[in-house]
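Spelled out from the first residue to the last, the chains are:
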Amino acid sequence: MRGKKVLVKTESLKKHFPITRGIIFQQQVGSVRAVDGVTLNIYRGETLGLVGESGCGKTTAGRTILQLYRPTSGRVIFDGTDLTILKGEPLRDMRRRMQMIFQDPYASLNPRMTIARIISEPLRAHKLTSAKEQVDRVQELLRLVRLNPRFINRYPHEFSGGQRQRIGVARALASNPEFIVCDEPISALDVSIQAQIVNLLEDLQDKLGLTYMFIAHDLSMVRHICDRVAVMYLGKIVELAIKDELYDHPLHPYTQALMSAVPVPDPVVERKRKRIILEGDVPSPINPPPGCHFSTRCPIAREECFHQEPPWRDVGGGHFVACHEC
Amino acid sequence: MAPLLEVQDLTTRFYTLDGIVHAVNGISYTVEEGDTLGIVGESGCGKSVSVLSVMGLIPEPPGKIAAGQVLYKGQDLLQLDQKQMERIRGKEIAMVFQDPMTSLNPVLTIGHQIGESLIVHLGMGQKEARRQSVELLDMVGIPQAADRYSDYPHQFSGGMRQRAMIAMALACSPNIFIADEPTTALDVTIQAQIIDLVKTLRDQLGMAVIWITHDLGIIAGLAEKVLVMYAGFFIERGSVDDIYGDPRHPYTLALLKSVPRVDRTSKERLAVISGLPPDLLGLPPGCPFAPRCTYMVEQCRKENPCLEPIGFGHEIACWVDVTTGRER
Amino acid sequence: MTTTEVSWEFFEEEIERPPLTPAQVAWRRFRCHKMALVGVGLLIAIFLYVIVGAFIYSEADANRTDLSITLSPPSRDHPLGTDGTGRCILARTIYGGQISVLIGLSAVIVSVTVGVLIGAISGYYGGHIDAILMRFTEAMFNIPQLFLLILLAKLLSGKIPTFKLLGRSFSGSVIVIIGVIGLTSWMYLARIVRANFLSLKEQEFVTAARCIGSRNFSIIFEHILPNSVAPIVVAATLGVASAIINEAYVSFLGLGVQPPTATWGNMLDQAYHHLDSEPWMWFFPGMLILLTVLGINFVGDGLRDALDPRALTQTE
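Protein chains in written order, with this note's numbering: chain A, 1 to 326; chain B, 1 to 328; chain C, 1 to 316.
None of these hints come from the bench; they were simulated from the model. Since we're looking at a predicted model, the values are computed, not measured. Do not rely on the hints blindly, as some may be mistaken.
[Unchecked claim] Derived CB-CB ranges, DEER-like:
no.	chain 1	residue 1	chain 2	residue 2	range
1	A	G318	B	F312	49 to 55 Å
2	C	L117	A	S54	23 to 29 Å
3	A	R70	C	L117	26 to 32 Å
4	B	Q204	C	A131	54 to 60 Å
5	B	R269	A	R271	25 to 31 Å
6	A	D93	C	L156	49 to 55 Å
7	C	A139	A	G88	31 to 37 Å
Built from N, CA and C at the ideal position, the CB exists for glycine as well.
Looking at chain A on its own, in the form it has when it is part of the complex (with noise of 0.2 Å):
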């Protein structure tokens, strides 16, 4: 990476949800591995991708970086500072530093709320504009994401899914972020919406450097934002790479049979590819299989990756995966 300046850091982090039992005084009976150990880091201006199945906890780690959920164990620094040991105010104020773009345009935004105040927000959250300058503001933000200024005093309802994807992207904008975790902000959209917004998200960036972590299901979408690629499966990742490098050159069993399945709009293509179907379901993430997570569906599992655990190496060039036998 160019620069190579990292903007945000984790460190073997975790987060695990209690399961609890009981009506006043509640025991922990047992808990999900959302997030279990990941350490990477996050270069300025880039865009890191992450993606994996549903419930593999890539939305936990997003959330979790951004400590809107506190970490089990493990450390989050952000441009020198650990986030996990910040409390109250001082946390509160390092938010205005990073931000989220959601799944669902229709739930992330309150439908009581016009426009204004949606996208202000931030700025009465964190006071960084006198109250007439707010509606400059917004409007600034609003031409930024290329809406109309006339909608200030609109309300959610009167917009379409990508307007209002627009709407939280101005509100994610407000607070001049430098991070900005997008937690699969084009999955509920129209497929020709979906180039609308993948495109301004890239012109934000031009124009403001932002870097990006791009939480996301679809593949394809991912190799064309992101700079690098982490593939998370059961709360961990198994692969880390440039792009090109991890689409082109797979390593991880799991990497490559996500790739395969993933299909191309091309019939030429299709007939000739050849397609990795995986046996059965994710397991729980509860009870997390011993040794390496895939082992249960893994096409190429040995002895080994039942009980032991595989390291995270390093296989040159940014290349990193966690895996026996590659």
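Add chains B and C to chain A, keeping to what the hints say.
The following block gives chains B and C in isolation, referenced to the frame of chain A:
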């Protein structure tokens, strides 16, 4: 010989408080035995309504099939009453939906639900139905089918539920299998499993498949004939190679350009289709795609083009030849 | 390749229909509800009755006894008849109605305040706070409300002196009854509010607000509470009806608002010994209670439909 299914000029509208929704506007297509037909379109383009109309599953009111014929083996399905239609549905034509959870009854076991259609349609006895259900579950790749027979839907994962739905749809060996975005709610690896399964079963059982989706990728690897739908109209029809190799309607062209591909990296920005899909409440005169179309000419605002052949089996509804950019 | 300055992104004409605020959408839906409009009509009629009536009959009329005309049936001078001490029933239903409606509204204000506060804290903070508050709420639920009402009314009666408000003098028992009814009827609302908070706090727009760095105070009052308004308004509306009925219960048992201040409830109490012989004594106050409660319930039903959170998406 008459085709297996012939849909002619099908028009479905919904009469709502806000006005009349023109969901499907005079579409026609035929399905031969063993065909695989893909219907592609964005949400709200009427692709689901078009097959629900065929199945007689449009809630009336507010819906109404305003015109058209659905000829199955020469018999117009739209003229049948509920009872007669129930005999066709599930037995001759079967359908799976996007969300398997809403189509499965949560308080009955999976096996019971599959067996029921065997008993109703084929008049099997309890024992026979049970044996057959287990066989079906096994066929769609549910491990330990005999044990899973008495599981309830919530004990199945999303992918397994969809498999169970397929088993249910296949119970009476239908001639036509309609799949309405059955993999949209599923992960890619599970989606690959399901598509693989349907392909295998299609070749084994020789049924015709109608697959509805918004995902251009799925259709490319599955269908032989493709229909592209926009605002309740078919705007392009052709073989899968025509549609993907030589798309001639500006919408198809733009749609294909706007999706990135997993097998290559492009440095450029994605192509964008500006604006929004039209509101089916009040379609303007002329081509419904005109306001978003980069090839638009004067004629497009005035009159809506009909599907016209431009090659063998390749038809488009457009006034413009996209290869030259001029009116045809 | 840049598309930044192209004007397609300005969706000028996309929103053609005049924009509707959530309140307008709710009103449009409410209008379609015929019984709700009947309810509104009934309530307007009752309000006119108790307010305009007060300009025609003075409070002195309502309390003036005239032993020469006790228990007389409806006549030209006293259109609704007179009671056991010769007071005009019409005048008494007007002034009694003011008290009954006042009690209904005030008691609901008390119960909404308590219910929303307890429900909101319980639902938003969860954990031990929630467990304690909810067990308390359930305990309150399990004590029969009527028993509490009677007990408290008995204990507190006569403790508060008579006071004057808007030119009318009120018996202190009015305050007691408001407090007692309010403090024994908040539990239902607390549970509704808690349930709403529990589900709303998991909504993405609340997560978004937390992500932005908004304070708990503003999350509760700007985000969650406005989205819980619908069930609160519905419950409060229906609460007015049950408060009026509760007042009638207690007054009927002679523990409520003390004569000579009239309420519909204590008018019924006084009619108790005249059920067969002088039906006008109970018919008119009883009818007014019935119509008020019916009207409120119709309106409540209409509001429930009109404020349904799904309403916003359905009109898209």
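Hint-by-hint comparison with the structure:
1. G318(A) - F312(B): 49 to 55 Å: 50 Å, holds
2. L117(C) - S54(A): 23 to 29 Å: 39 Å, violated
3. R70(A) - L117(C): 26 to 32 Å: Holds - the Cβ-Cβ distance for R70(A) and L117(C), about 27 Å, lies within 26 to 32 Å.
4. Q204(B) - A131(C): 54 to 60 Å: Given range 54 to 60 Å: holds, Cβ gap about 58 Å.
5. R269(B) - R271(A): 25 to 31 Å: Because 29 Å falls inside the window, the suggested range holds.
6. D93(A) - L156(C): 49 to 55 Å: 50 Å, holds
7. A139(C) - G88(A): 31 to 37 Å: Because 34 Å falls inside the window, the suggested range holds.
When the structure is compared with the earlier hints, a violation turns up for hint 2 alone.
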